[in-house]
Amino acid sequence: MDETVAEYIRRTVLKIPRDEIKPMLQKWGFLSEAQLQTINFHQIKDNISQDVVQLCEENSADIKQAAVLDIIYNHIYSNKRVWSVYQMKKTGNETELFDLTDFKKKFKRQLRSALKNVTVNFREYEDNAIWIRIAWGTPYTKPNQYKASYVVYHSQTPYVFISASVLRSNLPLLCQALVGASNYQDIHEMELRSHSLNSLKDIVFKRYSQNFQTYHPRPLQERNVAPENADLRIIHENRNEKERIQRVTLEVFGDGPQPKLEFAQYKLETMFKSDPKMGVLDNKEPFRCLVKFSSPHLLESLKSLAPAGMADAPLSPLLTCIPQKARNYFKIKEKKGFFPGSFVSP
Amino acid sequence: GVFAHLEALEARAYEAAVKQEEMEQREEKLARLKARVQELRLQRDELRAKVDLQQRGQLRKEGAVLDPVQPSARAVLEWKVKSLKAMLQLFYLTGISGKLTKRGVCFCISTAYEGTYLDSYYLDLLIKPEVQIHRHSVPIFIPLEQIAKKYLQTDLRRFLSVLFDHLNAYAGRRYQADQLQECFSAQIEGTLQRNSLCNLLVFKYSVSRKSRTFPFHARLCYSDLCCSLPTEVVVSCTPEAPTSLAETAAAHSALFRSVALHKAFRSFSSAEDT
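Protein chains in written order, with my numbering: chain A, 53 to 398; chain B, -17 to 256.
So that you can see chain A by itself, here it is in the shape it has in the complex:
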């Protein structure tokens, strides 16, 4: 077995939390159950990884198997990476008969024709997600396995999720291969980024909770009405207002969990409007300003602002339009008349 492969497998196993090593190796399926039984998973990780490498040696692992283990790791720990969303466009209307084998062939061929030194591996998951791992080299060097790019694509959708490595120079080639293999014509990056891959999927696939009005009595998911205060001496003076805020919040955010985003960024390119007498930067140049909201779970925190009394309800559409507009990077320019959202540049 190649030394570089051995080292790569060793380092990959070291990344895995100790309790997860055995399940992940089982998922990998490259080592037999009998072989796994011979490993003591209670020793220090260094030793565990050495044992694993030893067994892989016996099975003559090559880079392909090592890459699959890496994909499995990144699939489970996808929130360790930042994912961007790309949107593809095409003009044709033909019914898509997406053939997986065809897609993989085309993708590999396009990449390899432009760059010989690439490692490309695929893994499909039950939810129709196709994971692609690409390790990039140059015409003169072998692929760098430690800086691989990951692509997640759901067939017959126009969205691709990419966690590019530091080597952004390979991005155009990657995009070209994607477009060619999936029968689209054009691809561009959306202004949507997050650590949570599933939340990004929820947003663009419209799987997040939206509050639709229907007659059909939805199973009233225990919308826990806070139990009436047993103490009659306490009167809620602003009960109406509280109920109004709850109602408005529910209308805007729905009653399910929100997609998980870590930040929203607003780049202001608007004129500074000051008291004309002060003459400060008055209408001379746009006042460059960047407002960034950060949170471990931005949308949930926005949802709780009004009920917590920290903001007025309804919240600014600039904040609440995030899932619907599928973006968390905004550029706000000057426009006559305040039309929230419509003056946001694409």
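Calculated directly from the structure, the hints in this document are not laboratory data. Heads up, a few of these hints could be off.
[Stated by the list, open to error] So the derived label-pair ranges between C-beta atoms look like this:
id, chain 1, residue 1, chain 2, residue 2, range
1, B, ALA68, A, LYS67, 52 to 62 Å
2, B, ILE115, A, PRO309, 18 to 28 Å
3, A, LYS67, B, LEU82, 47 to 57 Å
[Stated by the list, open to error] Calculated lysine-lysine pairs in the BS3-like style (CA-CA distance at most 30 Å, straight line):
id, chain 1, residue 1, chain 2, residue 2
4, A, LYS258, B, LYS84
5, B, LYS131, A, LYS377
6, B, LYS131, A, LYS142
7, A, LYS377, B, LYS245
8, A, LYS116, B, LYS245
9, B, LYS1, B, LYS32
10, B, LYS132, A, LYS160
11, B, LYS1, A, LYS294
12, A, LYS325, A, LYS258
13, A, LYS294, B, LYS245
14, B, LYS81, A, LYS79
15, B, LYS131, A, LYS258
16, A, LYS385, B, LYS110
17, B, LYS192, A, LYS142
18, B, LYS186, B, LYS131
19, A, LYS157, B, LYS64
20, A, LYS377, B, LYS132
21, B, LYS81, A, LYS294
22, A, LYS141, B, LYS131
23, A, LYS74, A, LYS97
24, B, LYS62, A, LYS258
25, B, LYS192, A, LYS383
26, B, LYS186, A, LYS158
27, A, LYS258, B, LYS81
28, A, LYS258, B, LYS186
29, B, LYS64, A, LYS141
30, B, LYS81, A, LYS156
31, B, LYS186, A, LYS377
32, A, LYS79, B, LYS131
33, A, LYS141, B, LYS110
34, B, LYS81, A, LYS377
[Unchecked claim] Residues of chain A clear of chain B, computed beta-carbon distances all greater than 12 Å:
id, residue
35, ASP103
36, ASN180
37, ARG245
38, ARG291
39, GLY361
For each residue, glycine too, the CB sits at the ideal point set by N, CA and C.
With the hints as your guide, set chain B onto chain A.
Just chain B, lined up with the frame of chain A:
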């Protein structure tokens, strides 16, 4: 100063308390009267029923047609509400139901396949300045934009009908593929190769549950997105296979084109058992 302010507040509190009391008294009175109305109505209904019975008895004797008893306004209203609720439930069960919203309509499209209710999808439409989709929860791989472009402005009914067909067919295809994967996994090599729309399935299978080899290779294409049966089926086996197998493959090709996938597999199992 502060005292004047306190006095003013006190006066206001007093007024509010008085108003509160008046309101409570009024409510009590209202509740009492309502109860009385209920009692009287009950009595009236009972009497009416008696009269009705007598008249019908009379009718059978005389064979004459009598005017139907004029129902009360309240009974009419109750009946209307009941039948409306039944109508809404009916619409929901048929698959397309809608509710008027402030700015338009919100439709709910429910999918089902062979008696099993599957997922529901929503469309929030705006009516002005023209009919447009405000929000929706339709899966991204359903060609919603295309269908909307064709029909949304001109023929809303057709738009809903076409979308309904797409969603139901997709639900049906997915249901068959899921059933195949879940119930007949022993007869399939590895996992079923499919795609988001479930309109291309490729798999190797055997007819017998105990077989170790999978002699048949199937490729099912569903080019018609509104259909839950394939438009094209190719079942093949290796060239060295005996002719009997080749004949079975041909038979299966025809079978898969006309019968739901999981049902076809069920028929293999029952054939094997007999």
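Each hint, compared with the structure:
1. ALA68(B) x LYS67(A): 52 to 62 Å: 60 Å, holds
2. ILE115(B) x PRO309(A): 18 to 28 Å: At 24 Å between Cβs, range holds.
3. LYS67(A) x LEU82(B): 47 to 57 Å: 55 Å, holds
4. LYS258(A) x LYS84(B): 22 Å, holds
5. LYS131(B) x LYS377(A): This hinted pair holds, its Cα atoms lying about 20 Å apart.
6. LYS131(B) x LYS142(A): OK: LYS131(B) and LYS142(A) at ~15 Å, within 30 Å.
7. LYS377(A) x LYS245(B): Not OK: LYS377(A) and LYS245(B) at ~43 Å, beyond 30 Å, violated.
8. LYS116(A) x LYS245(B): Distance of about 39 Å is beyond 30 Å: violated.
9. LYS1(B) x LYS32(B): 46 Å, violated
10. LYS132(B) x LYS160(A): 37 Å, violated
11. LYS1(B) x LYS294(A): Since the Cα atoms of LYS1(B) and LYS294(A) sit roughly 24 Å apart, the hinted pair holds (cutoff 30 Å).
12. LYS325(A) x LYS258(A): At roughly 38 Å apart (the allowed maximum being 30 Å), LYS258(A) and LYS325(A) break the hint.
13. LYS294(A) x LYS245(B): 55 Å, violated
14. LYS81(B) x LYS79(A): 47 Å, violated
15. LYS131(B) x LYS258(A): 20 Å, holds
16. LYS385(A) x LYS110(B): Between LYS385(A) and LYS110(B) the Cα gap is close to 27 Å, so the pair holds against 30 Å.
17. LYS192(B) x LYS142(A): Distance of about 46 Å is beyond 30 Å: violated.
18. LYS186(B) x LYS131(B): With Cα atoms ~39 Å apart, LYS186(B) and LYS131(B) exceed 30 Å; violated.
19. LYS157(A) x LYS64(B): 60 Å, violated
20. LYS377(A) x LYS132(B): 24 Å, holds
21. LYS81(B) x LYS294(A): 27 Å, holds
22. LYS141(A) x LYS131(B): 16 Å, holds
23. LYS74(A) x LYS97(A): With Cα atoms ~12 Å apart, LYS74(A) and LYS97(A) stay inside 30 Å; holds.
24. LYS62(B) x LYS258(A): The given pair, whose Cα atoms are some 37 Å apart, is violated under the 30 Å limit.
25. LYS192(B) x LYS383(A): 62 Å, violated
26. LYS186(B) x LYS158(A): Holds, because 23 Å separates the two Cα atoms, which is no more than 30 Å.
27. LYS258(A) x LYS81(B): Holds, at about 21 Å.
28. LYS258(A) x LYS186(B): Violated - the C-alpha atoms of LYS186(B) and LYS258(A) are around 34 Å apart, more than 30 Å.
29. LYS64(B) x LYS141(A): 49 Å, violated
30. LYS81(B) x LYS156(A): 45 Å, violated
31. LYS186(B) x LYS377(A): 43 Å, violated
32. LYS79(A) x LYS131(B): 45 Å, violated
33. LYS141(A) x LYS110(B): 28 Å, holds
34. LYS81(B) x LYS377(A): 24 Å, holds
35. ASP103: 29 Å, holds
36. ASN180: It is violated; ASN180(A) is separated from chain B by about 5 Å at its closest Cβ, not greater than 12 Å.
37. ARG245: 19 Å, holds
38. ARG291: 15 Å, holds
39. GLY361: At roughly 24 Å from the nearest Cβ of chain B, GLY361(A) sits farther out than 12 Å, so the non-interface label holds.
Going down the numbered hints, you'll see the structure goes against 7, 8, 9, 10, 12, 13, 14, 17, 18, 19, 24, 25, 28, 29, 30, 31, 32 and 36, while the others check out.
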